[in-house]
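Protein chains: 2
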Amino acid sequence: MAREMLRQGGRSARIQAEVHRTVQELLKEMDRGEITVPMIAEKAGVTPSTIYRRWGDLSELLADVAVARMRPIADPEDTGAMASDLEAFILQYAEEMSSKVGRAMMSDILGSLEGDAPVKCCQYTYHHLETLRERAAARGEVPFEANEAIDFVVAPIVYHILFGDREPTPGYCRALVRRFLKS
Amino acid sequence: MAREMLRQGGRSARIQAEVHRTVQELLKEMDRGEITVPMIAEKAGVTPSTIYRRWGDLSELLADVAVARMRPIADPEDTGAMASDLEAFILQYAEEMSSKVGRAMMSDILGSLEGDAPVKCCQYTYHHLETLRERAAARGEVPFEANEAIDFVVAPIVYHILFGDREPTPGYCRALVRRFLKS
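One line per chain: the protein sequences are Z and A, in this order.
Following UniProt numbering, the numbering of the first sequence begins with 1 at its first residue and continues without gaps.
Following UniProt numbering, the numbering of the second sequence begins with 1 at its first residue and continues without gaps.
Just chain Z, same shape as in the assembly:
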């Protein structure tokens, strides 16, 4: 029984990896509007029902793939001081999220109305901000609160990227950080 479960887990993980890899390849080759579940299934060597059972529908699968690609691989840069740490992190965040790839990933993640991709995605951001906060506290600086940095720095940047009403330029991002740290 334990062995059976293990084998299931291994198979399940292999299917997930293969389906994710297939989706990423298809996204390079065509518009996401052209991608279908049967197309992914055929290329990944699974049945469409395996995909529907596991992910529910195409938008949940695309959200799952996008959030997996967003998983952080390294801590934010340590620049020696809280203000420059936060500025460097925010400038990189705004650049990545406003790139064509970043916009498409965010759109895929927010296309998930039922799944946990949106929460996971912003937990990565909280995690990075928490790292910066702890680093500042260890240096003896008065640290910011991660949830306030989300509200007053990250949220406006994300809003403008999503709604396209203004460019989150480096100057604009720096002004948000400065205003936040002074408040």
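All clues given are correct.
Straight-line alpha carbon distances no greater than 25 Å define the calculated BS3-like cross-link-like pairs of lysine-lysine that follow:
(1) A:120 to A:100
(2) Z:28 to Z:120
(3) Z:120 to Z:100
(4) A:100 to Z:120
(5) A:182 to Z:182
(6) Z:100 to Z:28
(7) Z:100 to A:120
(8) Z:43 to Z:28
(9) A:28 to A:120
The calculated label-pair distances, taken between Cβ atoms and stated as ranges, are:
(10) Z:179 to A:139: 24 to 34 Å
(11) A:42 to Z:179: 51 to 61 Å
(12) Z:81 to A:21: 51 to 61 Å
(13) A:42 to Z:39: 22 to 32 Å
(14) Z:183 to A:169: 14 to 24 Å
(15) Z:72 to A:72: 33 to 43 Å
(16) Z:28 to A:92: 37 to 47 Å
(17) Z:139 to A:148: 27 to 37 Å
The set of hints was computed from the structure by calculation and includes no laboratory data.
Just so it is clear, the structure is predicted and the values come from calculations on it, not from any experiment.
All residues carry an ideal CB built from backbone N, CA and C; glycine is no exception.
Go by the hints and put chain A onto chain Z.
Leaving out everything else, chain A in the frame of chain Z:
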């Protein structure tokens, strides 16, 4: 020629209205994941290619329908003072956007990567904030800036609705407004 264009305009407007109406009916009857362009075309009595030519693809059509439903029908309530005007507007905004219908509309609008639905949607918000600002100025109050209200009040609320990391409760919204007007 002028008559031809007029006739085209009339026909074109009728098609748009009929397709919009059909999409809204289908959205009441089924999950958006089940809706297809051929299904809409058949029910609206047009060809699928008419829809593709006009809207590009299904997600642009859904975004167009959602933004049309969001078009404001009245000015925000006049409560007699800027602070209470802004609070009343923001509480209503947060309630509408975090409802099931509001979330679905926002998701449809942000599903448009190419169209102008996202910009249109946030222009409605700017427009309302501008109305409140002008009203405040006319009363002799020191008015807020609409784009700052977007950054420090609207954006955090939208962020939490989209990413689901916290509820934009009335208490939370009121605190954002108070902090913003004091800053």
